[in-house]
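Here's the letter readout for the chains.
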Amino acid sequence: MLISCVAYQNGRKLADIPVEDISEYVGRPDCFVWVALFQPTHEELDQMAEEFGLHELAVEDARKGHQRPKIEEYGDSLFAVLHPVEMEKAEDGTESLMLGEVDIFVGPNYILSVRHRTKLGFAAVRTRTEREPDLLRHGAGFVFYALIDNVVDRYFPVLDDLETRLEAAEEHMFAAPASRKQIEQLYALKGMLMTLKHAVSPLMESVGKLYGGRVPQLCQGTQDYFRDVYDHLARINAAIESSREMLTTAIQVNLALIGISDNEVTKRLAAYGALITVPTLVAGIYGMNFHNMPELDWSFGYPLAIAVMFVIDGLLFLRFRKVKWI
Amino acid sequence: MLISCVAYQNGRKLADIPVEDISEYVGRPDCFVWVALFQPTHEELDQMAEEFGLHELAVEDARKGHQRPKIEEYGDSLFAVLHPVEMEKAEDGTESLMLGEVDIFVGPNYILSVRHRTKLGFAAVRTRTEREPDLLRHGAGFVFYALIDNVVDRYFPVLDDLETRLEAAEEHMFAAPASRKQIEQLYALKGMLMTLKHAVSPLMESVGKLYGGRVPQLCQGTQDYFRDVYDHLARINAAIESSREMLTTAIQVNLALIGISDNEVTKRLAAYGALITVPTLVAGIYGMNFHNMPELDWSFGYPLAIAVMFVIDGLLFLRFRKVKWI
Amino acid sequence: MLISCVAYQNGRKLADIPVEDISEYVGRPDCFVWVALFQPTHEELDQMAEEFGLHELAVEDARKGHQRPKIEEYGDSLFAVLHPVEMEKAEDGTESLMLGEVDIFVGPNYILSVRHRTKLGFAAVRTRTEREPDLLRHGAGFVFYALIDNVVDRYFPVLDDLETRLEAAEEHMFAAPASRKQIEQLYALKGMLMTLKHAVSPLMESVGKLYGGRVPQLCQGTQDYFRDVYDHLARINAAIESSREMLTTAIQVNLALIGISDNEVTKRLAAYGALITVPTLVAGIYGMNFHNMPELDWSFGYPLAIAVMFVIDGLLFLRFRKVKWI
Amino acid sequence: MLISCVAYQNGRKLADIPVEDISEYVGRPDCFVWVALFQPTHEELDQMAEEFGLHELAVEDARKGHQRPKIEEYGDSLFAVLHPVEMEKAEDGTESLMLGEVDIFVGPNYILSVRHRTKLGFAAVRTRTEREPDLLRHGAGFVFYALIDNVVDRYFPVLDDLETRLEAAEEHMFAAPASRKQIEQLYALKGMLMTLKHAVSPLMESVGKLYGGRVPQLCQGTQDYFRDVYDHLARINAAIESSREMLTTAIQVNLALIGISDNEVTKRLAAYGALITVPTLVAGIYGMNFHNMPELDWSFGYPLAIAVMFVIDGLLFLRFRKVKWI
Amino acid sequence: MLISCVAYQNGRKLADIPVEDISEYVGRPDCFVWVALFQPTHEELDQMAEEFGLHELAVEDARKGHQRPKIEEYGDSLFAVLHPVEMEKAEDGTESLMLGEVDIFVGPNYILSVRHRTKLGFAAVRTRTEREPDLLRHGAGFVFYALIDNVVDRYFPVLDDLETRLEAAEEHMFAAPASRKQIEQLYALKGMLMTLKHAVSPLMESVGKLYGGRVPQLCQGTQDYFRDVYDHLARINAAIESSREMLTTAIQVNLALIGISDNEVTKRLAAYGALITVPTLVAGIYGMNFHNMPELDWSFGYPLAIAVMFVIDGLLFLRFRKVKWI
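Protein chains in written order, with our numbering: chain A, 4 to 329; chain B, 4 to 329; chain C, 4 to 329; chain D, 4 to 329; chain E, 4 to 329.
Bear in mind the hints are in silico, worked out from the structure with no lab data behind them. Any given hint could be a false lead.
No copy labels: a pair is met if it fits in one copy or bridges any two.
[Stated by the list, open to error] Simulated crosslink set (BS3-like; lysine-lysine; CA at most 30 Å straight-line):
# : residue 1 : residue 2
1 : K200      : K122
2 : K92       : K184
3 : K16       : K327
4 : K73       : K92
5 : K212      : K122
6 : K325      : K122
Note that the structure is predicted; figures quoted are calculated from it, not measured.
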């Protein structure tokens with residue numbers, strides 16, 4: 004689906020143009036065309052490939068989707084795959100991370116973005132860049148930066164969400180009795196961290212090549228901006244690594260605490276059991292059939308026996324309490 | 004066994020040629036010979052080595068098999084070892100990963116593929132390339148790419164299969180009671196992931212050298228294609244790493260859950276045991292031989308004692324239920 | 004909040020100057036301006052950006068805070084983010100690591116430091132550098148070093164504190180019975196180590212670029228000093244890694260020891276239980292109703308039975324003691 | 004002990020020569036001397052050092068032994084330390100890995116091999132190279148390759164042996180009840196893998212420098228051969244890594260399974276215990292001394308009570324079977 | 004404390020000289036001064052700094068101590084920090100690793116060594132070097148090597164000691180019942196290995212720069228010697244890594260074995276308990292008050308009942324033995 008197709012000149016919007024005229028505008032050196040697609044059909048992509056002269060392999064990647072994040076050079080143009088990530092709430096209340104895909108084709112005077120499986124669009128980017136014609140005049144490189152920056156900025160709330168969950172789980176871990184439910188949550192959290200990591204870490208590597216060493220022609224003059232994006236990615240990446248390590252420990256600790264909880268109950272039941280076997284023994288003794296058992300003839304023998312049972316158990320109970328067996 | 008031996012000219016099939024004429028066709032600068040062998044005999048390989056002028060060490064490697072994946076330069080020709088991987092179902096229903104081997108010798112105008120222990124051939128590759136004479140005209144480098152791409156594409160269904168198994172095991176893990184069977188499956192899954200990794204990861208490293216840095220003469224002009232293959236391998240590799248990490252955690256969690264299950268049963272048996280010891284104590288008390296035990300003379304003493312037993316156990320049972328000991 | 008704004012000439016303090024005059028002093032080649040801000044307002048930062056001609060992205064980073072430690076070049080000036088770390092005691096006695104932030108802008112003849120969320124200022128640095136006009140004459144590079152050195156020096160007491168806690172926990176681990184409380188402390192300690200690591204390790208990487216390879220113009224002549232700082236950071240980093248590894252093992256050992264403690268109690272209770280079941284059996288035997296049981300008629304039968312119970316239990320008790328079951 | 008001392012000319016054996024004549028033959032440009040020693044005395048090594056003009060440090064290393072595998076350049080000669088590995092069966096049937104040591108001194112026209120603690124000699128290498136005068140004509144570099152290749156080839160059966168043990172242990176793990184013996188075997192296996200790794204992995208690194216980058220003069224013209232050796236080492240190394248990872252998991256799984264086995268027995272004993280406490284309770288009830296217990300007067304009361312005990316236990320038994328508690 | 008201060012000329016000892024004359028001797032191109040200090044006072048170090056013209060930062064490091072091992076260039080001189088390690092026996096018999104510190108300043112014709120917290124001196128180095136004037140003539144570089152070599156050689160016995168402890172623990176682990184004491188020892192051993200590693204591994208890195216790449220002027224001509232030291236360090240480092248990995252596994256195995264031991268006792272107690280409950284049931288049955296229980300009237304009823312108890316328990320005992328529950 005075509006979202007928009009706009010031509011710019013000298014940093015100012017010229018007009019919404021029909022798709023067929025793209026190649027014409029791209030041909031003018033002072034013009035700049037910006038097209039946004041959402042889950043395009045086969046034909047739409049083919050038309051774009053023709054109008055912009057895109058490389059066959061890049062188009063194939065965009066068509067099939069499910070690439071890993073990357074930024075590749077094809078001659079003097081670039082092809083980028085980004086993975087925006089959203090927390091999505093299912094109808095039954097469970098939340099999961101949705102991995103979208105954004106493919107970006109950038110040439111000296113055009114930019115084409117293709118979104119898959121993500122609800123979040125780039126209207127905000129367009130508004131922001133149109134507000135700053137000075138920067139937009141830098142052309143495709145700057146818009147490219149603005150798009151990546153937008154995707155990366157959306158990682159932060161997701162990361163914050165995951166970190167909050169981890170912290171909640173950590174507090175829970177030592178406060179409440181450990182449960183299987185928690186393990187399941189921590190395990191799911193680990194899966195989400197891995198998803199986020201796989202979106203962030205290859206992108207970081209790729210962006211790193213846009214400001215240091217041999218920088219592609221398109222990004223020259225905007226290296227400082229790409230370094231800034233790189234820095235954000237590095238921060239997210241470090242935070243993920245850190246959370247992952249804490250999470251691994253948390254799972255281990257939680258599992259051990261569940262085992263410990265169960266053992267504690269078994270221990271307490273064993274202690275309570277002991278409290279019952281002792282009067283049983285007393286009862287057994289006075290159930291013996293010896294002829295010569297003077298206590299049996301005492302008139303207060305029976306209540307005394309019961310009293311003895313209570314006293315012994317009372318003392319044992321206090322003792323067990325003291326050594327924390329009950 | 005010779006599968007096929009074909010000569011091409013300007014991207015078009017010329018003819019099936021006899022093995023003895025290979026060296027003659029290879030000698031013509033505008034010709035290109037493509038030979039496919041399946042588990043060749045000692046003599047067949049020797050003949051090929053002579054016709055194509057292959058390097059002794061490469062031939063030795065192809066003869067012995069069991070190499071690790073690699074791509075090596077011998078002068079202006081290349082020698083590649085690939086490990087195709089197939090999921091194979093044994094007669095008793097158990098499935099295991101089969102590791103095949105494909106050795107490819109590539110020279111400026113010939114390509115020789117040798118398959119071992121794999122049922123999957125390259126007929127599809129031949130059909131595809133013959134349909135595109137423009138690309139076939141690029142010669143050996145392009146056919147070489149098409150062969151590698153074909154092997155790599157076959158990794159995806161295997162990876163998907165393994166990931167599906169992991170997900171099934173993960174769902175099972177928290178849904179059903181943990182069992183030894185699951186551990187065995189997860190352990191086997193880990194072994195399969197390792198097998199796949201050892202097929203993918205050295206190949207990725209080798210393919211990486213075909214598009215960046217000093218590219219072999221044969222692959223020049225097709226670097227973008229090899230980068231695309233590299234990218235697929237990198238994606239598979241990242242997915243394997245990710246699965247491996249989740250798997251390690253899953254095994255750990257599963258083992259702990261089994262232990263926890265057993266402890267829970269012991270805990271419940273201990274609680275049920277307690278429910279039995281209490282009436283046993285009551286019975287013991289009324290089995291005592293004191294002369295002065297008024298309850299014994301009551302006409303409703305016996306049913307009352309039984310009732311007391313039931314009431315106490317009922318209360319205990321409710322209590323245990325509440326604290327989740329039963 | 005403006006803390007101070009001072010101009011220097013030839014390594015000597017010239018005067019406290021008003022903010023508006025900064026650009027004028029910065030313009031004089033033999034002058035050097037040093038400004039310190041604490042949690043500045045939006046307007047204060049804007050004014051500084053204008054007076055010093057700071058780069059938009061760096062100012063944006065300083066405004067938003069929450070960057071990761073880094074040192075970046077913007078033309079011939081540098082922008083550094085440092086994370087000072089303090090141990091802070093809450094009112095309820097629990098201690099936690101507070102992560103502050105210090106942003107430093109350095110140009111050929113100015114230095115601007117911006118502190119966030121940290122109580123510790125740089126008065127000491129100013130005093131030290133003013134005492135040594137020879138070094139201050141080196142200009143911005145040397146002051147830059149002095150500021151970083153000051154932040155890094157403050158990591159050592161924090162590291163010592165964490166190491167002391169670890170050692171205390173280690174001694175405790177084998178001396179006292181293992182407890183959940185300890186696990187909680189070790190887990191919190193791990194979190195603190197991670198915090199410290201994230202302050203130290205990216206900074207180390209960045210400082211490493213100030214003395215080896217292509218050194219920024221500003222730091223030339225003071226490389227030996229930056230190497231010294233790097234060395235301190237490397238030492239802290241190695242100590243953190245080492246503590247982290249010991250900590251992981253300590254948590255594992257501690258968890259296992261708790262499980263072992265509980266099992267030991269269960270074992271002892273089982274042994275005590277055995278001590279009670281034996282006389283219960285004896286009592287049960289003499290509670291049998293056989294007509295022909297000679298012991299029942301013995302006048303000393305009852306005390307003998309009791310004695311037998313004591314003797315058997317005494318022997319069992321000694322035996323259990325010996326094999327360490329009780 | 005001197006094993007052999009032979010001079011070659013143009014790839015053909017000239018004669019067995021006395022040690023004193025070595026320096027003379029080495030002096031002739033078309034000659035090539037090959038000496039093999041086995042655990043030489045101090046004097047033998049000194050004589051060799053003099054005849055060949057060996058470097059003091061290399062001789063010192065060969066004398067002391069216990070070096071790690073390495074290949075070092077001393078001017079235009081090379082000094083290599085290899086660690087052949089053999090599986091050795093002790094008299095009591097236990098097997099362990101024996102680490103031998105082979106030191107090789109190579110110069111432009113000599114090769115000196117010194118064996119320590121290994122029964123396997125290089126007679127096969129000598130036979131093989133003498134059969135191929137064409138290759139032997141390449142001189143020292145080729146013989147050097149042949150010696151390394153021989154040592155590396157001997158790693159394969161050891162690796163196979165270890166892998167077979169691991170597989171046997173894996174099958175055992177899930178088939179038979181887990182036992183301490185298995186842990187011990189797996190632990191010993193891990194030790195052997197580490198030994199093999201320490202023989203292979205530094206050597207791999209060293210051989211890697213003989214075919215890529217700046218290749219020593221001696222190995223020029225034979226790089227393809229050294230790359231082949233490197234490849235074998237890389238394969239062994241990858242297999243070791245893989246086995247090590249599976250082994251770590253296997254130990255973990257095995258330990259957990261032992262714990263689980265014991266818990267299962269405890270669980271079953273608890274269940275059997277429950278089967279006994281129930282009839283004990285019934286017996287207790289009919290042992291009560293109430294006057295008014297009609298069942299006691301029934302003539303079939305006793306057999307009925309016994310029957311009730313059996314029925315209850317029978318039902319319980321079936322129930323426990325069903326939920327897998329017994 | 005000044006240990007010695009000697010001037011050399013052409014590899015021969017000239018004289019013990021007073022500290023004040025050092026600068027004079029250092030000034031003569033054919034002279035070479037070698038000074039050794041032990042825990043010097045502030046003033047002694049200042050004097051040395053003046054006589055030799057040492058760099059402020061290096062002197063500061065030597066004064067404060069507690070650096071990590073490193074070798075730094077200051078112009079044409081070097082500053083090295085080494086960490087000798089000794090096993091020290093406390094009065095109560097516990098042994099711990101003591102970390103000393105040796106700082107070495109080396110210039111073209113002087114060498115100054117400063118020892119802290121270590122009893123071992125360098126007299127042996129002095130004797131060795133003085134015996135070989137040929138080598139001593141190489142000047143400071145060679146003495147520098149000899150000092151480092153001496154410190155590194157002392158790591159070997161410490162490493163051997165630690166490895167012996169590990170092996171002893173490994174044998175113990177499977178032979179004797181696992182105990183907490185062992186865990187404590189293994190944990191302490193891990194701490195010692197970490198200490199040794201932190202002494203060895205940064206030094207290895209630093210020494211690696213003295214023979215490959217851009218070698219400092221001072222070390223030229225002695226690269227082969229430094230490579231030899233590097234090699235020793237690499238060997239120690241690899242051995243430490245290997246021990247560390249085995250140790251981690253050993254701790255894990257040991258902890259699991261302790262838990263297993265306790266569970267085994269619980270299991271055995273449960274089995275013994277079962278042996279007692281069975282005759283208790285029999286006794287309970289014959290304690291029932293049914294009127295019609297023919298066995299009660301048999302004259303041999305009582306001994307028969309006892310016999311039945313013994314027989315059942317005997318059979319159970321044999322059965323439990325067989326399935327290894329007792």
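Results of checking the hints against the structure:
In this homomeric assembly, K200 and K122 come within 30 Å of each other (Cα to Cα) only inside a single copy, at 21 Å, whereas the closest approach across copies is 35 Å. In the homo-oligomer, the alpha carbons of K92 and K184 lie at most 30 Å apart inside one protomer (19 Å), although the nearest pairing across protomers, at 33 Å, exceeds that limit. Proximity of K16 and K327 under a CA criterion of 30 Å is satisfied in neither setting, with 77 Å inside one chain copy and 68 Å between copies. For the identical chains of this complex, K73 and K92 are intra-copy neighbours only, at 28 Å inside a copy versus 36 Å across copies, given an alpha-carbon limit of 30 Å.
For a Cα distance limit of 30 Å, the shortest separation of K212 from K122 inside one copy, 29 Å, qualifies, whereas the shortest one across copies, 38 Å, does not. For a Cα distance limit of 30 Å, the shortest separation of K325 from K122 qualifies neither inside one copy, at 61 Å, nor across copies, at 46 Å.
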